[in-house]
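Student: Line order of the protein sequences matches chains U and F.
Numbering follows full-length UniProt numbering, in which position 215 of the first sequence is assigned residue number 215; successive positions increment by one, without gaps.
Numbering follows full-length UniProt numbering, in which position 309 of the second sequence is assigned residue number 309; successive positions increment by one, without gaps.
Hints may contain errors.
Stated by the list, open to error - Chain F is faced by these chain U residues, among others (derived, beta-carbon under 7 Å):
id, residue
1, 66
2, 112
3, 113
4, 116
5, 371
What the hints assert, rightly or not - The following residues of chain F were derived to be distant from chain U, with all beta-carbon distances above 10 Å:
id, residue
6, 148
7, 378
8, 393
Hints were generated in silico from the structure; no laboratory data involved.
Don't be surprised by glycine CBs; every beta carbon is placed ideally from N, CA and C.
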Amino acid sequence: MKVLAAMSGGVDSAVAAALAVEAGHDVVGVHMALSRNRDQFRSGSRGCCSIEDAGDARRAADVLGIPYYVWDLSETFEETVVADFLTEYEAGRTPNPCVRCNEHIKFEALLDKATALGFDAVATGHYARIETRDAGHPGGPVRELHRSPNTAKDQSYVLAVMGPERLARAMFPLGGFATKDEVRAEAARRGLSVSAKPDSYDICFVADGDTRGFLQRRLGSRPGTVVDTSGEVVGEHDGAYAFTVGQRKGLGLGRPAADGKARYVVDVQTSTNTVVVGPAELLSVNRIGGDQAVWFDGALDAAPAGDGWFDAEVQVRAHGTPVPARVRAPEGGAMEIELTGEPLRGVAAGQSVVAYRGTRVLGQATVTKAWRG
Amino acid sequence: MDVTASLTEPVTGHPDGSEPPPDTGAYLDHAATTPMTSAALAAFVEHAHHTGNASSLHSAGRAARRTAEESRETVAAALGARPSEVVFTASGTEADNLAIKGMFWGRRAEDRRRTRILVSAVEHHAVLDPAFWLAGHAGAQVVLLPVDGEGRIDLDALRAELAEHAEEIALVSVMWANNEVGTVQPVRDVVRAARHHQIPVHVDAVQAVGQVPVDFTASGADAMTVSGHKVGGPAGVGALLARRDLPLDAVLHGGGQERGVRSGTLDVPAIAAFAVAVRDAVAGREAHAGRIAALRDELVSRVRDIVPDAMLCGPDPQAHPDGRLPGNAHFAFPGAEGDSLLYLLDSAGVQASTGSACQAGVPQPSHVLLAMGVPETAARGALRFSLGTTSTRADVDRLAAALPQVVERARAAGLVGGRRS
Numbered sequence: 001m002k003v004l005a006a007m008s009g010g011v012d013s014a015v016a017a018a019l020a021v022e023a024g025h026d027v028v029g030v031h032m033a034l035s036r037n038r039d040q041f042r043s044g045s046r047g048c049c050s051i052e053d054a055g056d057a058r059r060a061a062d063v064l065g066i067p068y069y070v071w072d073l074s075e076t077f078e079e080t081v082v083a084d085f086l087t088e089y090e091a092g093r094t095p096n097p098c099v100r101c102n103e104h105i106k107f108e109a110l111l112d113k114a115t116a117l118g119f120d121a122v123a124t125g126h127y128a129r130i131e132t133r134d135a136g137h138p139g140g141p142v143r144e145l146h147r148s149p150n151t152a153k154d155q156s157y158v159l160a161v162m163g164p165e166r167l168a169r170a171m172f173p174l175g176g177f178a179t180k181d182e183v184r185a186e187a188a189r190r191g192l193s194v195s196a197k198p199d200s201y202d203i204c205f206v207a208d209g210d211t212r213g214f215l216q217r218r219l220g221s222r223p224g225t226v227v228d229t230s231g232e233v234v235g236e237h238d239g240a241y242a243f244t245v246g247q248r249k250g251l252g253l254g255r256p257a258a259d260g261k262a263r264y265v266v267d268v269q270t271s272t273n274t275v276v277v278g279p280a281e282l283l284s285v286n287r288i289g290g291d292q293a294v295w296f297d298g299a300l301d302a303a304p305a306g307d308g309w310f311d312a313e314v315q316v317r318a319h320g321t322p323v324p325a326r327v328r329a330p331e332g333g334a335m336e337i338e339l340t341g342e343p344l345r346g347v348a349a350g351q352s353v354v355a356y357r358g359t360r361v362l363g364q365a366t367v368t369k370a371w372r373g
Numbered sequence: 001m002d003v004t005a006s007l008t009e010p011v012t013g014h015p016d017g018s019e020p021p022p023d024t025g026a027y028l029d030h031a032a033t034t035p036m037t038s039a040a041l042a043a044f045v046e047h048a049h050h051t052g053n054a055s056s057l058h059s060a061g062r063a064a065r066r067t068a069e070e071s072r073e074t075v076a077a078a079l080g081a082r083p084s085e086v087v088f089t090a091s092g093t094e095a096d097n098l099a100i101k102g103m104f105w106g107r108r109a110e111d112r113r114r115t116r117i118l119v120s121a122v123e124h125h126a127v128l129d130p131a132f133w134l135a136g137h138a139g140a141q142v143v144l145l146p147v148d149g150e151g152r153i154d155l156d157a158l159r160a161e162l163a164e165h166a167e168e169i170a171l172v173s174v175m176w177a178n179n180e181v182g183t184v185q186p187v188r189d190v191v192r193a194a195r196h197h198q199i200p201v202h203v204d205a206v207q208a209v210g211q212v213p214v215d216f217t218a219s220g221a222d223a224m225t226v227s228g229h230k231v232g233g234p235a236g237v238g239a240l241l242a243r244r245d246l247p248l249d250a251v252l253h254g255g256g257q258e259r260g261v262r263s264g265t266l267d268v269p270a271i272a273a274f275a276v277a278v279r280d281a282v283a284g285r286e287a288h289a290g291r292i293a294a295l296r297d298e299l300v301s302r303v304r305d306i307v308p309d310a311m312l313c314g315p316d317p318q319a320h321p322d323g324r325l326p327g328n329a330h331f332a333f334p335g336a337e338g339d340s341l342l343y344l345l346d347s348a349g350v351q352a353s354t355g356s357a358c359q360a361g362v363p364q365p366s367h368v369l370l371a372m373g374v375p376e377t378a379a380r381g382a383l384r385f386s387l388g389t390t391s392t393r394a395d396v397d398r399l400a401a402a403l404p405q406v407v408e409r410a411r412a413a414g415l416v417g418g419r420r421s
């Protein structure tokens with residue numbers, strides 16, 4: 001197959017490209033340039049988008065003996081991932097930019113461009129497994145997205161948004177690796193100099209890791225009040241958009257609550273620019289509603305009568321713990337969830353919710369509301 | 001076997017004839033760099049065999065010095081300069097930096113009011129970036145002179161700026177010919193206008209030497225940049241031709257070589273090879289330019305046949321035979337992106353360049369095309385094809401064979417990838 005290896009300059013995508021080459025594919029390496037501003041994205045080992053990273057990707061491609069190009073996706077990145085990040089926070093929701101990047105950049109802009117240019121698949125260094133199963137499904141073989149055996153690194157949560165059509169053109173060569181050390185060893189064995197490069201964390205376009213500062217620079221200061229659940233003003237803020245439900249740190253409240261308990265953000269009301277704080281109990285939810293749901297092939301086979309309830313586990317954070325739930329997929333692209341075990345705390349609108357059965361990803365939706373019911 | 005003699009022979013295949021030469025594809029990026037000539041390579045190798053610091057006083061040093069000075073005379077003779085006006089540098093970029101910074105500092109030291117730097121909006125980054133660096137660090141004001149739709153400098157705007165701010169202008173810098181779209185600038189008119197106000201002019205002639213007639217003294221310019229690897233010499237060597245009466249401060253300080261404005265041990269093998277390349281490029285210019293202009297015209301006409309809506313950027317060579325470098329063709333392909341075109345052509349063995357200066361992950365739309373008024377959407381689909389000594393009709397054939405499918409695919413990718421409406 002003709003495979004485009006997306007190469008960030010990190011060790012994972014370099015090894016993924018190497019494995020695609022060794023599997024006999026005709027591989028071309030592409031580094032996505034996601035910013036036109038030299039200074040916007042942090043440099044050095046922490047980022048994923050710096051000039052050094054592009055150079056590291058180039059060196060890895062050299063070692064693998066594959067062609068290498070830089071493609072400019074900066075405009076699409078700004079229009080989708082960064083714009084979504086800002087409008088979601090501005091609306092009082094909590095976006096996950098890595099989910100949106102997978103949705104709009106890696107598995108849409110890049111994948112569609114690659115397909116148009118004659119590639120059969122895009123390979124990335126994500127930690128997730130693709131399984132093809134043909135047992136008994138009426139529509140033919142089914143491609144399933146599964147968790148990585150590397151539970152600490154598993155990225156199925158941020159990949160689920162791509163849905164089945166995109167999965168059909170994706171390759172995750174690191175799917176079988178149980179530990180990052182193994183990946184680093186594979187890199188070292190092939191003479192890839194990125195083998196010891198530190199992992200990247202945080203949001204690549206927030207150069208200093210200061211999300212609140214980034215939001216303030218882009219959205220401007222909008223002073224408002226912090227109130228408790230009775231409506232009493234307990235503090236001030238520079239913009240309600242910078243707060244997220246479940247947040248405890250950085251509230252800047254001068255005095256403790258009357259009962260002495262820790263206070264959390266329980267609501268962000270952007271219409272009145274108000275942040276509401278309250279005790280932890282108010283964060284507990286057992287009902288979650290989502291929209292823009294995507295379901296993988298065969299995921300709803302177990303659902304009685306098309307939109308009936310079925311058992312699954314749901315996860316609301318990248319490295320969160322899955323919890324048991326009943327899930328259904330009514331008409332109109334919604335996902336409805338009732339937790340059947342422990343409640344979840346601090347589920348904010350805008351987050352991604354992913355339904356699993358064991359290691360298998362069933363579907364994904366964006367949280368619109370979460371409540372105690 | 002005589003190493004230098006064998007290196008003067010054209011490389012035609014494996015020495016024992018057992019293998020065909022590797023397919024290096026159609027190299028259509030001579031404006032980026034062009035192969036070293038056999039004579040330049042032979043000169044380089046010959047002098048690399050000799051030890052000797054050109055600043056040393058013993059016989060080895062004197063021999064190196066002699067080579068450097070002979071090379072200086074060769075470069076000067078080829079470019080219409082006096083040997084004492086030739087300052088060897090390690091690159092065209094370094095020569096541009098020396099010109100912009102050295103002239104700015106030199107002129108300002110004479111008169112503190114002289115802080116304005118006039119540059120055309122289509123200069124190479126090696127001129128623009130030092131100018132803007134001076135604006136950020138040394139109180140300079142950079143005036144970008146506009147160009148017309150073909151990239152030619154607006155002389156009226158230059159004259160108006162000169163008339164209005166004559167007392168505050170440190171220097172004018174205008175390139176002889178543009179590296180992206182090949183537009184040849186009216187250097188003599190620029191010099192005449194500036195001279196009227198006694199303002200010195202620097203000319204970046206990196207792309208011009210060997211393609212159009214270049215004579216430093218006749219041009220009237222005060223400083224001029226040339227580069228080795230654009231004319232068949234090695235990369236890593238260049239020169240600034242600078243009049244002796246030009247106020248020029250040093251950028252590199254040290255041993256005081258090169259009139260004290262460019263310290264650093266002379267790279268004698270590179271300088272010798274550079275001189276040979278410049279000499280030969282100038283001597284063979286007329287025949288070479290005629291040959292590659294005919295090839296370029298064929299390339300332009302075939303691209304237009306295959307892609308009727310491809311837009312030729314820069315002067316039309318039919319209408320202005322002297323207005324464009326003979327080896328340059330530059331097209332914008334509507335609906336296609338440069339990076340898709342470059343990838344697809346490269347896969348088909350055709351090596352060209354996008355119009356953008358994508359520096360390892362930081363893409364920028366071409367400031368040259370934007371200054372010419374090309375919309376950013378069109379600038380995105382820009383490709384430069386540049387011809388040189390090794391270019392043949394087979395290269396043009398290969399491009400023409402690949403182009404229909406390349407443009408079709410790149411346009412399909414342009415519809416799905418990148419921007420959405």
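Student: Next step is simple, just say for each hint if it's right about the structure.
Tutor: Going through the hints against the structure:
no.: 1; hint: 66; verdict: 12 Å, violated
no.: 2; hint: 112; verdict: 4 Å, holds
no.: 3; hint: 113; verdict: 3 Å, holds
no.: 4; hint: 116; verdict: 4 Å, holds
no.: 5; hint: 371; verdict: 34 Å, violated
no.: 6; hint: 148; verdict: 27 Å, holds
no.: 7; hint: 378; verdict: 15 Å, holds
no.: 8; hint: 393; verdict: 26 Å, holds
Checked against the numbered hints given earlier, this structure breaks hints 1, 5; the rest are met.
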